[in-house]
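Given chain A's structure and the hints, the job is docking chains B, C and D onto it.
Number of protein chains: 4
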Amino acid sequence: MTEQQEKGATEAIRVGVLGAHGRMGTEVCKAVDAAPDLELVASADQSDWLGDVSAAGAEVVVDFTTPDVVMDNLHWCVDQGIHAVVGTTGFTEQRLERVRGWLADKPGVGVVIAPNFGLGAVLMMQFATRAARYFESVEIVEQHHPRKLDAPSGTATHTARLIAAARAEAGLGPVPDATSDEVAGARGADIGGVRVHAVRATGLVAHQEVLFGATGETLTIRHDSYDRVSFMPGVLLAVRAVRARPGLTLGLDALLD
Amino acid sequence: MTEQQEKGATEAIRVGVLGAHGRMGTEVCKAVDAAPDLELVASADQSDWLGDVSAAGAEVVVDFTTPDVVMDNLHWCVDQGIHAVVGTTGFTEQRLERVRGWLADKPGVGVVIAPNFGLGAVLMMQFATRAARYFESVEIVEQHHPRKLDAPSGTATHTARLIAAARAEAGLGPVPDATSDEVAGARGADIGGVRVHAVRATGLVAHQEVLFGATGETLTIRHDSYDRVSFMPGVLLAVRAVRARPGLTLGLDALLD
Amino acid sequence: MTEQQEKGATEAIRVGVLGAHGRMGTEVCKAVDAAPDLELVASADQSDWLGDVSAAGAEVVVDFTTPDVVMDNLHWCVDQGIHAVVGTTGFTEQRLERVRGWLADKPGVGVVIAPNFGLGAVLMMQFATRAARYFESVEIVEQHHPRKLDAPSGTATHTARLIAAARAEAGLGPVPDATSDEVAGARGADIGGVRVHAVRATGLVAHQEVLFGATGETLTIRHDSYDRVSFMPGVLLAVRAVRARPGLTLGLDALLD
Amino acid sequence: MTEQQEKGATEAIRVGVLGAHGRMGTEVCKAVDAAPDLELVASADQSDWLGDVSAAGAEVVVDFTTPDVVMDNLHWCVDQGIHAVVGTTGFTEQRLERVRGWLADKPGVGVVIAPNFGLGAVLMMQFATRAARYFESVEIVEQHHPRKLDAPSGTATHTARLIAAARAEAGLGPVPDATSDEVAGARGADIGGVRVHAVRATGLVAHQEVLFGATGETLTIRHDSYDRVSFMPGVLLAVRAVRARPGLTLGLDALLD
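Protein chains in written order, with full-length UniProt numbering: chain A, 1 to 257; chain B, 1 to 257; chain C, 1 to 257; chain D, 1 to 257.
Bound-form chain A, shown alone (with noise of 0.2 Å):
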């Protein structure tokens, strides 16, 4: 082996950052710096030229930008043949089918779209959908800080719906309940069968538990979020496997294992 193939074996992927002053874009940019097998070449916002980020050598590029510029940037980094990891909103099907076909014009090219990079998020809604078929009883109880507008959170519904379509699959009934004596709303927001309870008070942060029940047993699973650090791990793992798999990723789940 010469020297060069050596040195290309542990040399760190360049990364670009789009939306390089964001919240979540200034948090992309520290977590970058900061992993040794990772190097950031650019970080651009606004005003920046995309054409900077190509010239540094980008191989990977983080898009934390706003759904009105997101798709413009995709099909930049695509034609350039950069990879992208994005955590940008407002992916509709539409959009999706755009990228596709954008992809489809370089086969080597891998983008990695995901609405949560918080690995215990996507564990938990994992285990869930996993667990689903093995207990006659389910529920989701979720706790926030009081000025969340809605309830349940977008995260608690999404679970709920992959535990209930867990369990159509599966053939399980409705979970039991007897309760013919109800104040209304004790028994939590029904979605798809599954109860979902909303908490709400001051000093929490982000938090949700899914309490799966049997005869005699009871099996939880608990995700506690604190700060939007907690989703660098997640992007940097995206960043880390993007390369590896051309065409369209959706969500974290298929990166894990």
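Everything labelled a hint here was simulated from the structure, so no lab data went into it. Ideal placement from N, C-alpha and C gives every residue a C-beta, glycine not left out. A few of these clues could be false.
[As the list claims (entries may be wrong)] If you want the footprint, here are the derived chain D segments under chain B, 3+ residues with CB under 8 Å: (1) 107-120; (2) 128-142; (3) 210-220.
[Unchecked claim] The calculated lysine to aspartate or glutamate pairs, modelled on EDC-like cross-linking and capped at a C-alpha distance of 16 Å, are: (4) A:K148 <-> B:D181; (5) B:K148 <-> A:D72; (6) D:K148 <-> C:E182.
What follows is chains B, C and D alone, placed relative to chain A:
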């Protein structure tokens, strides 16, 4: 001190049990029997004579019978100068007035009537009442087996009312909650301004959590009950205390400290 | 399709239980009896003839006996072409080899031997193993009644070893811990680099919590077991699966999915 | 009542803050500023004159400085007839004696010195002390970030000692524990007969759980602290109470109720 006095100082309390063959009564008999400072001198059920209980020299009677016979039992106990500890349900304000009337004629006799002999549950309610004034937010999550008919549980409703009263007394306003987009029921039942969530799942027995929140911290008081034997320490506490508490005592609360 | 075929398609699995009068065996008989797709055709204990079990047409035998008789039982089952689900303890690697030898001569017969039929516990260990590689920190807290002789529990020790192996495989270094001033024992037992804490308290039954931590978030997997009936769903799962799994299957794990 | 008196009745308490630029002092200034019934009239740090604080008419001083200057500050406050709320550490019994001496000469002045202004933590300790006599079993599990040097935490050790004293006073014997086969450390640290377990994991902040157990039930008191702003309600409580409590008050405990 004579030998007689010395013996007297450590003599076991002589206890009779009414409703001795019922589920609770059976446990009470076992618990009294196992306590070194108590002596089970009589255990009576439906067809037995109350006279046998006084003939056996009972100083304290424990009554876990039914609403239709408990008033006669109590009247007879007070008449005979026997102290009583009562776990039977169905005590209206009217019934309590009658008991007070009987006791007025027998100033040395004590009667303890308690709806809940679970020390853990009673302490949970005491602590929740006491903490209420110091926290901006509070919610209750109770968890029970799915055969339960009412939601929320009586204990949860009672706890919520105690908390609501303590908040009002301390001049606290409503619990903060910005929810504007709610799937019906997600935010639980509203009991006097306190949100209460009722979880039902196979495998659960009887559990309750009271969550208090202030900026940067939460305080949680949780009670898990698995078995009716958990009521026995409360019953024995009352048996030991009732002789020194003439008149009517309502609830285990007053006996703690 | 003839009536005979139609019936065959939905015919109940014919089950025999060995050790039918023991604590576990009694529960197994009840559970098989209650399952619409299973039929209890024989329940044998010490003095009973195994011949009666095959005479009754058992297709699957469940064995919760003792280490001194289980090998004879198993040998006989395999010989008769009866599938077996075994919860009896005491299987050394040597014993397992002998079972594999018997099965080699009967390629259609399946044997499932599992140390733990609790689905919740098995899933907890699966999920913990899977999450291990994604979190910098991990600790285990197990909680049991105070009559337990060993600390930590076998399940906690086993979970810690699974996690340690998964961390090693993922190239994770030691769990971060700056403790320099420790009262002996405060940081728990060290099982392969994973800290395990054993809580003992009256009122508890059998509980375990695995806590994973990364920057800004924690993921907790908790199992609460209250009763030996909690093992029945796992036993029934094995009974239903064993006919389609010739050879030796170790642990319930392999049957999930 | 004259207008003057009426105004006086609702006049804001005039507060000065010493150590105003420190981490805690900064938060105190913000909290006082935000409270409608308090007025921040002076905020001093190292190079500032204490004279400015009295010139500004401070009635109550809050001191979050350092052990080397706090005694001089306190002496000066008492001399000036200004009440003081002190969160600075380093108060030995000797120092407290000196403060009591100064206060003896100024009977109208109040000083509150507290090691912990977290209401949640203080209530947790109060409730734990109160519950201790009613439960056969008790253990403490505290959980902190992995940069913490001591294990268990000071709060956990203090809680254990309070519980041990309450058990001794109630005549309770040792906590039941049949452990005969222990991996070193599994059963935690022994603090006065109470087992204390210290969990360390990235993602955690500062948490403590006190678990009480009796036959068939457990009672758990849990405190989660995320942020030093959680101490502010306790500081403000002391500021409001100190004027009505001449002499030395140790700990926030005495001010609750």
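**Request:** Identify every previously stated hint that the structure contradicts and give their numbers, smallest first.
**Result:** 5
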